[in-house]
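There are 4 protein chains.
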Amino acid sequence: MKDLKLAVIYYSATGTNYQLAQWAAEAAKNNGVGEVKVLKVKELAPEQAIAENKDWKKHVEATKNVPEVSLDDLEWADAIIFSTPTRYGNLPSQLQQFIDTTGGLWFSGKLANKVVSAMTSASNPHGGQETTLMSLYKTMHHWGAIIAAPGYTDKAIFEGGGNPYGVSVTAGEDLKDTTKNAVAHQVKRTLQIGGWVKKGLSE
Amino acid sequence: MKDLKLAVIYYSATGTNYQLAQWAAEAAKNNGVGEVKVLKVKELAPEQAIAENKDWKKHVEATKNVPEVSLDDLEWADAIIFSTPTRYGNLPSQLQQFIDTTGGLWFSGKLANKVVSAMTSASNPHGGQETTLMSLYKTMHHWGAIIAAPGYTDKAIFEGGGNPYGVSVTAGEDLKDTTKNAVAHQVKRTLQIGGWVKKGLSE
Amino acid sequence: MKDLKLAVIYYSATGTNYQLAQWAAEAAKNNGVGEVKVLKVKELAPEQAIAENKDWKKHVEATKNVPEVSLDDLEWADAIIFSTPTRYGNLPSQLQQFIDTTGGLWFSGKLANKVVSAMTSASNPHGGQETTLMSLYKTMHHWGAIIAAPGYTDKAIFEGGGNPYGVSVTAGEDLKDTTKNAVAHQVKRTLQIGGWVKKGLSE
Amino acid sequence: MKDLKLAVIYYSATGTNYQLAQWAAEAAKNNGVGEVKVLKVKELAPEQAIAENKDWKKHVEATKNVPEVSLDDLEWADAIIFSTPTRYGNLPSQLQQFIDTTGGLWFSGKLANKVVSAMTSASNPHGGQETTLMSLYKTMHHWGAIIAAPGYTDKAIFEGGGNPYGVSVTAGEDLKDTTKNAVAHQVKRTLQIGGWVKKGLSE
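Chains as they are written, first to last, in the UniProt record's numbering: chain E, 1 to 203; chain H, 1 to 203; chain V, 1 to 203; chain W, 1 to 203.
Fair warning: there could be bad hints in the mix.
Identical copies go unnamed one by one, so any copy, or any two together, can satisfy a pair.
Said to hold, decoys possible - No farther apart than 35 Å at their CA atoms in a straight line, the calculated lysine-lysine pairs in the DSBU-like style are these:
no., residue 1, residue 2
1, Lys57, Lys2
2, Lys199, Lys57
3, Lys42, Lys176
4, Lys54, Lys110
5, Lys58, Lys199
6, Lys2, Lys54
7, Lys54, Lys155
8, Lys199, Lys54
9, Lys199, Lys2
In case anyone wonders, no lab produced these hints; they're calculated from the structure.
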């Protein structure tokens, strides 16, 4: 795992998925990942919309130094963890927009065999957490990525809400230690499978 | 709504979805439905499997007088509310088996324009509640049914867990008043849309 | 149906979904719809990306006078038909971006009871046509919209590819009469259910 | 790959998915798989229903010597390829019933890290091929399986219908060489990833 490269790609308006992404990066380091990058997708919302929402504005400012994800980052990564809020059961346009620009990489086969899992949040306990992850995983199938969903491969998943597709939370609630533990397990699993795949690809 | 016929079709191993079905029937009566039938799908599990699980056995005995749903019931109903546990994000084979027998009705167009919504349960808070409802709604599209998911059309939905696809619960936890209220709203909405469709079809 | 208002909302890069949208509007008029508007979602792609793709540029110019959809249009419409290409099994960011701006309407309950169906295209025969429609319908459940998928309610659906979720085509192939007929049936059905719902809501 | 064990698990009423399963086994042998078993799921339909359908009866008789899949086979396999017709966008109850019996294996963690992909058929060109594979893959996430969907990792996928989730066909049409080639690629890819995972697990 020492040479594995992990991209944690997130979109966050008010900080929930940024926190999940931070925890993912921390867990990756604890697992001895080679390199890890935390990367935000480009904001599309007009400045005025952001300015009218105090929490959104505050978060944008607080993360202004987080680098924006590029196509090069996708090519660079062996494994990817996405973290994204729902938008009515689908991905936010900010993340979708980034995904829409990957046609060139896709066409040249450079997205195949990325090992991927994802985390999410919604405003309600059952507000699209499961369906949003399903939407992202559909796209991963198109890429030829290898999905490393956590399933129920550790008790941390049960304790963190029991979402087998990926860690999910209710936005606005305090993020708990049980969530952090579930993130840690999901990351560990993604890296482990990523390591197997990377080794296989190199032989 | 006074001439509207509602079928509440459920599968339940240990009682959660039976309780939801009962609440749905009660709500339907409170809304002045014409007729309502609570109907279970046929059990497929071998007797031995049931006998080995005390709660399952108890529930089977407690509901032995609930009529099994037939194809005639489907034809009879103007509106249908399903209640079903998840099986790894999909429908239990007991319910799927019933659905698999509807080919003749489907072919003759008799399933079109049924107004439908669904409720569900899983063992974990995020254990397939959303994805199971999505699986059932896929089938409803094939039928030409009209899906009356609750969305967020009443505050009872937010208070009952905020699942816009249908009421969902964690099995084994106490079913709460907020859940019962959410069921009542979902039923009211399904009947209302069912009434509009029935009236439209009769003109 | 004479007072029913239909919005045909589409995104199209090179014309396939624009054609489907045109056919939908034509069918709506043939069915005596009250009013119909064909509306495009705002383009997000940078001008350079468009300029580098001859077909895309040509289509943008050819449709420069088609009005862009606004939130007022959503509020105005009784029924909505979406037409959109896939992006790896999900919605293009252009359409997602428009959907992401509907929070205010959603919160005030103004998206509930819209009667909706959708059409789609992909580059391959099985390139996400079904999954893209499922993604859009998930969002419709969140809105509290009423989905009027065609199912198999007319032989035109079988002849047009047999997609029960909505008309779908392979982009780049000639659009056929059988497709046009399937669009006509889907529109007729959406308007019919839209009429029932509108009447019900007014009583 | 020489020690890799592959289970090809299928349900077939009239032979389409049996043919796909046979092709998968042939491809696995051509790729030097260690062992491969072609296994059918138990039929649930009553004898009378089968007797009334000449093609179904003929197929049941023709495959009476194909062994039925058991839980031991699941435990034995390193990789699994499923082949199944759609039932209104979901799995047939026959396959669902088998899946429903895996709770014990799941609970003891023995389904985790199986490398899985799937193939399907429907009566119409867009009759649930994509959504059926999505339903099965949801279950695989619950298992903690690793999904090796083909994506667009070879031109055989484009030529075989371009379904990135898995090979899919229209039942009743002649199965083509392009389909066989797509099956061969999907199998090769599943085995390759299966080999990487098996090696990783053994270290």
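Right, here's what the structure says about each hint:
1. Lys57 with Lys2: The answer is neither: 37 Å in one copy and 47 Å across copies each exceed 35 Å.
2. Lys199 with Lys57: For lysine 199 and lysine 57, the Cα distance exceeds 35 Å both inside one copy (43 Å) and across copies (44 Å).
3. Lys42 with Lys176: Classified as within; 28 Å inside a copy, 40 Å across copies.
4. Lys54 with Lys110: Intra 39 Å, inter 25 Å, cutoff 35 Å: inter-copy only.
5. Lys58 with Lys199: neither (42 Å within a copy, 46 Å between copies)
6. Lys2 with Lys54: Classified as neither: same-chain Cα gap 41 Å, cross-chain 46 Å, threshold 35 Å.
7. Lys54 with Lys155: Close across copies (25 Å), not inside one copy (37 Å); limit 35 Å.
8. Lys199 with Lys54: neither (46 Å within a copy, 42 Å between copies)
9. Lys199 with Lys2: Close inside one copy (11 Å) and across copies (18 Å); limit 35 Å.
Of the numbered hints listed earlier, those contradicted by the structure are 1, 2, 5, 6 and 8.
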